[in-house]
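> Residues per chain, in single letters:
There are 2 protein chains.
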Amino acid sequence: MFIKCKKGDLLSGINIVSKAVAGKTTKPILECILIEAKNGMIRLTGNNLNLGIDTYIEGTILEEGVVALQAKLFSDIVRKLRDNDVSIQTTSDYKVTITCEKTNFAIQYMDGADFPALPAVDKEKSVQISQLALKDVIRQTIFSIANNENQKMMTGELMEVKNNVLTVVSLDGHRISIRKMELAGDNSDMSVIVPGRTLIEISKILTGGAEDMIQIYFENTYILFEFENTRVLSRLIDGEYFRISQMLSMDHRMVVNANRLELMSCIDRASLLIQETDRKPIIVSVKNDNNLYIRLDTNMGSMKEEMEIEKEGGEIIIGFNPAFIMDALRVIDDESVSIYMKDYKSPCIIRDEEETYSYIILPININVGAYQ
Amino acid sequence: MFIKCKKGDLLSGINIVSKAVAGKTTKPILECILIEAKNGMIRLTGNNLNLGIDTYIEGTILEEGVVALQAKLFSDIVRKLRDNDVSIQTTSDYKVTITCEKTNFAIQYMDGADFPALPAVDKEKSVQISQLALKDVIRQTIFSIANNENQKMMTGELMEVKNNVLTVVSLDGHRISIRKMELAGDNSDMSVIVPGRTLIEISKILTGGAEDMIQIYFENTYILFEFENTRVLSRLIDGEYFRISQMLSMDHRMVVNANRLELMSCIDRASLLIQETDRKPIIVSVKNDNNLYIRLDTNMGSMKEEMEIEKEGGEIIIGFNPAFIMDALRVIDDESVSIYMKDYKSPCIIRDEEETYSYIILPININVGAYQ
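For the protein sequence lines, the chains are H and A, in the order given. Letter by letter, the first sequence follows residues 630 to 1001 of the working numbering. Letter by letter, the second sequence follows residues 630 to 1001 of the working numbering.
For the record, the hints were derived by calculation from the structure and aren't laboratory data. Among the hints, erroneous ones may be present.
[Unchecked claim] Using C-beta positions, here's what the derived DEER-type ranges look like:
#1 A:Ser874 with H:Ser716: 21 to 31 Å
#2 H:Glu937 with A:Glu891: 51 to 61 Å
#3 A:Asp963 with H:Asn644: 46 to 56 Å
#4 H:Asn644 with A:Thr654: 37 to 47 Å
[Stated by the list, open to error] Calculated cross-link-like contacts (lysine-lysine; reagent style DSS-like; alpha-carbon spacing at most 25 Å):
#5 H:Lys933 with A:Lys791
#6 H:Lys635 with H:Lys701
#7 A:Lys752 with A:Lys701
#8 H:Lys933 with A:Lys636
#9 H:Lys933 with A:Lys731
#10 A:Lys635 with A:Lys653
#11 A:Lys701 with H:Lys933
#12 H:Lys636 with H:Lys752
#13 A:Lys731 with H:Lys709
#14 H:Lys909 with A:Lys933
#15 A:Lys709 with H:Lys636
#16 A:Lys933 with H:Lys933
#17 H:Lys724 with A:Lys709
#18 H:Lys909 with A:Lys731
#19 A:Lys648 with H:Lys909
#20 A:Lys636 with H:Lys724
#21 A:Lys709 with H:Lys701
Glycine included, C-beta positions come from ideal geometry on N, C-alpha and C.
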């Protein structure tokens, strides 16, 4: 193999496919990036068997061939080269030389034939969405997936399309995040559970705006995201997702409208009294004035603060894990938020009027009498 | 105690004295910041017994008093307050309330009387230097102190003043860094070994420029840096520093002039083939042309590069720890550097003509024949 390309093009391609390269594994070939130079096209591929990404880059093929290069080393080398033309060439002693101006690296390569090919996906059913929109719905839900591999289904997100409305759901047993969005055009109905890792990696790659579309194909086992010169192919999580509709139909007794940034900075202040080892709730009280009272008592100290709000409905005293409230507030783009509550035992819902987003958060059980 | 001050003033003061607060210790009082409100002055102090810093801040004293507050918590709280007036007041139950607008924190305090006072320093002998100059000489030498507490003297820097010339020296057994600077005015002769930690912390605090002076007082055990409202007091390291003059008098056989940034980027590229576990040298060759040849062979791969230089004198092949060369090149401000060499067994010296800086680096023993 002997190819030439611009450092910038090569590096962009490496950065994209690296997202699917395995970390430390027992199969060194999975820690590689595959370079294929064939039929006038240069293709890079990363594949950890759960997630595979390939992309085509510009360049000149002087001799066709296929090699697999240890991804981290290859990427480090290319990143540090000068911004000029880069040649990659195999030598007779099972090495690849990487040359740029007067710099010359020689590293080992592995046989490209050992690299696992990306499986083919049936393109019958598809959904189309803008890159920006996909990035947004991932950002606004991904924080509430579970990390616990024992709860496999919670480590993924439900992506559902029904009547051209996309619904994305994540939950971890303490909270549920839901984003809805109308899609343009005519899309297949879909209901799949996509691994969180896939969504995190794909949103790192997406650089396009509201006009740049991404095509999503899916079948039983795989989902394929296709955009520009790049394909991201992921295994799906098998099974039927949790039914969440009953959680949403809760009747609320009151709603509080608060300035989002002010509420965040208040909860942020309170949180600094919480050490990792204790799980003290912040106590939120709404009384018969237009104030929200927040207080927190830990063995580090206590904090009290009040902020002006608008409200409808009665009074409440309720305890929350402040991190869960913060996570939701952080991803909302609106200036003010509405928090719907019922009583100290029932979850609150932070949502907008059209329910494009809904964040359902379970309260922490508190002795309400102590705070009255 | 009851004081009021602006959040910004309070936070600046906290940030300064925090540099002398102990980390985790068995004496909780050393993890505190002392606040003293007396005679119309508000003073903050941090003191870990090796290093002590105090500073005066603006504010109003409504009731005199002294308290010690856990530094990290106090600093976290103040940092997160709104940018407005802050009140700090002791309450009857051994607590301090920190109030800003509608935010109210209450935390425990410790008895200020238990806090170790900063020792008094004799002000007979003194040296004056600009803040910027002190910061520069620290930055340009501090990287070559030793981390090893068994070699106590190497963990500090020699600060010597003779005939109004300041010389700052650090060394770690593999290299020596020397900075010289003429001082204005009439300064006492001085020769002290200052702990590296002190110099690192003081250079974080110094924000002033070439016009802002700092006064340095010293006696046998302590050194005191005084500037603006702040005093930094440090224990000295006891003993007589290493004699370095003979290292400097080496006769060189050749000198190479190279572009500093180009040389750095070349060595940086080579370094990525070095894993933490192996200590492979970079091989630097100068032949009878105007090129510097750099090569490196490790079990990750090999790298070769050449760059144009100017040179005087003969040929050489010599091996170095690339990190040592990089550390020196990184802190030099000149566009091009001169490297003086003798043979593959002798240290090289990177220095400017006036010897305001000299970086002496021992080579790594290599089998020269293998690279000819």
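> For every hint, state whether the structure bears it out.
Evaluated hints:
no., hint, in the structure
1, A:Ser874 with H:Ser716: 21 to 31 Å, "violated (51 Å)"
2, H:Glu937 with A:Glu891: 51 to 61 Å, "holds (60 Å)"
3, A:Asp963 with H:Asn644: 46 to 56 Å, "violated (35 Å)"
4, H:Asn644 with A:Thr654: 37 to 47 Å, "holds (45 Å)"
5, H:Lys933 with A:Lys791, "violated (59 Å)"
6, H:Lys635 with H:Lys701, "holds (19 Å)"
7, A:Lys752 with A:Lys701, "violated (33 Å)"
8, H:Lys933 with A:Lys636, "holds (18 Å)"
9, H:Lys933 with A:Lys731, "holds (8 Å)"
10, A:Lys635 with A:Lys653, "violated (29 Å)"
11, A:Lys701 with H:Lys933, "holds (20 Å)"
12, H:Lys636 with H:Lys752, "violated (33 Å)"
13, A:Lys731 with H:Lys709, "violated (52 Å)"
14, H:Lys909 with A:Lys933, "violated (59 Å)"
15, A:Lys709 with H:Lys636, "violated (44 Å)"
16, A:Lys933 with H:Lys933, "violated (64 Å)"
17, H:Lys724 with A:Lys709, "violated (55 Å)"
18, H:Lys909 with A:Lys731, "holds (22 Å)"
19, A:Lys648 with H:Lys909, "violated (31 Å)"
20, A:Lys636 with H:Lys724, "violated (61 Å)"
21, A:Lys709 with H:Lys701, "violated (39 Å)"
Checked against the numbered hints above, the structure breaks hints 1, 3, 5, 7, 10, 12, 13, 14, 15, 16, 17, 19, 20, 21 and satisfies the rest.
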